[in-house]
Amino acid sequence: MAEQDVVFRVTRYRPVPGGRPTFQDYGLPFRNDMVVLDGLNYIKDHLDPTLTFRWSCRMGICGSCGANINGQPSLTCETFIRDVSRGVVTVEPLSNFPILKDLVVDFDDFLNKLASVKPYIVRKDWGDWTKEYTQYPEDLEAYRQQSLCINCMLCYAACPVVGTSPEFIGPAASALALRYIRDSRDEGADARLARLNTKNGVWECTFVGECSVVCPKDVDPAAAIQTLKVLATMRHLRRLLMPASR
Amino acid sequence: MDGSDIAEEVRPARESIAWSPGRETVHADSESPPEVLLEPLFWGLFSVGGFITAFLFPVTLFLLFFAGPFGLWPTDPGAYDAFVARWQEPLVRLFFFVLIGGSLFHGTHRLKFMLVDAGLKGRGVEAFLDLGLNGIAIFGSLGALYYALRGWLF
Amino acid sequence: MARHEYPWKRRPGWWLRNPRYLAFQLREAGGVVCALYGLLLLNLLMQLREGESAYVAFLTMLRTPPVLYLNGVLFGLVLWHAISWFMLIGKAQPVQLTRKPLPWKAVFGINVVLWLGVSGAVVYLTFGWI
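Protein chains in written order, with this note's numbering: chain V, 156 to 401; chain U, 15 to 168; chain W, 3 to 132.
Keep in mind that the hints are not guaranteed to be accurate.
Unchecked claim - Below are the DSS-like pairs computed for lysine-lysine, each with C-alpha atoms no more than 25 Å apart in a straight line:
| # | chain 1 | residue 1 | chain 2 | residue 2 |
| --- | --- | --- | --- | --- |
| 1 | V | K279 | W | K102 |
| 2 | V | K286 | V | K273 |
| 3 | W | K93 | W | K107 |
| 4 | V | K354 | W | K102 |
| 5 | U | K135 | W | K11 |
| 6 | V | K354 | W | K93 |
| 7 | V | K273 | V | K372 |
| 8 | V | K354 | U | K126 |
| 9 | U | K126 | W | K102 |
| 10 | V | K372 | W | K107 |
| 11 | U | K126 | W | K11 |
| 12 | V | K372 | W | K102 |
| 13 | V | K273 | V | K354 |
| 14 | V | K354 | U | K135 |
No lab work stands behind these hints: they were computed from the structure.
Same shape as in the complex, but just chain V (with noise of 0.2 Å):
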């Protein structure tokens, strides 16, 4: 595996009154088999110790690492240098999130809008404490696919909607309400969705569908958000048409 030069471009962002983001080249080893997260923590460890930037698990798992590497929205530990070099890689923190320093991000609205759509199970009645809920496996198949979502919040980076309305509930959230209105265990659909059939709900959504070209784990969050379009339009209905059922 010969060594070649590559040279990542990373933004660099102080966080002082009237700071501005720049850029710092660094050039530095390249093996084939390096990741841009080798190649940033490469940086950290020989050559400025000041760059900020998440990680953890390195494995596409935490969610921690995502960043716009050469503008798009990846997770720096599954993106292979060879991928992505033509000699500069370009790293910037994630699109639509303000910046804190360096490529760390403030996610802390990310964080609001996944809790507002109740994450958790939700029955009327729990009844004895001690029962066991069965599920079968085509009642877990049925949110399986939502339940991948590892929080990495490249969908919101790629959305062109939170661009403009941060206020935008977003893709990850979406599909995390969808999860849990499918689980067969799961009794709050109607509350779920009638926190998505608000302004800043679904209907911001314009199926742009580049969430689900980014997301790492094929969540498909833009499937996710259309499928509540057609549950919260027939909830509303219901709601219109048969009062009495509310």
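Keeping the supplied structure of chain V fixed, place chains U and W upon it in accordance with the hints.
Relative to the frame of chain V, chains U and W by itself:
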């Protein structure tokens, strides 16, 4: 040490649900924003209109506007005599009413989202767009209904 | 320590950044063009009511070269809108009919076949065949 001294320094610019001294957490069962009333209905019409335009427009527009001029069809279905003959059929009148209504509700909905995305945001502006664009769709559909029924039922 | 976050601002021309965004904008434009054609067809019916000379004048105007080519471009957008519609509706599967969700390509194929059938029905019922 009084918690409020520390809170002064560490309180961030905006609320966060992460714990930090002197700050309250946000709970998952916080109040939901108010539900919308008309948006699902217009989305439903947009959706139905999408099916109508996708299935019916290609062949209809081709036969009316392109088959004749480019000689791609044995007859010219858009020509006056041919069209008037077909216009006597109630089914044809219904067809054009559905086509016009569906395409209007579909296209005005898309236009509204394009304009809002391009920057026309704000409750007042969006309410105006909603009224104006859906108004065009409603009046256009009523107009189509009128012309479909005129000469047949009255 | 107060935060000094750098706020995000979406740049105009964002939709030129990758081919999927561009395809999306063209699809949206196609949708708006559908409404335009809706108004056009409404006007056609109005001119039909006015009489033969009004109808012929309007139709001739739509078929003369500069307008005809513009018409062609708009028709192209309508076609792209229809194709992308068939590709996308497979994504919304609110009612589970099969064990796993149907792949969108299968739904696309089904829709194209349906479209052929519906187009044939339109040619026959609306335009009286030939």
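Next item on the list: Go through the numbered hints given earlier and state which of them the structure violates, listing their numbers in rising order.
Entry: 1, 4 and 9
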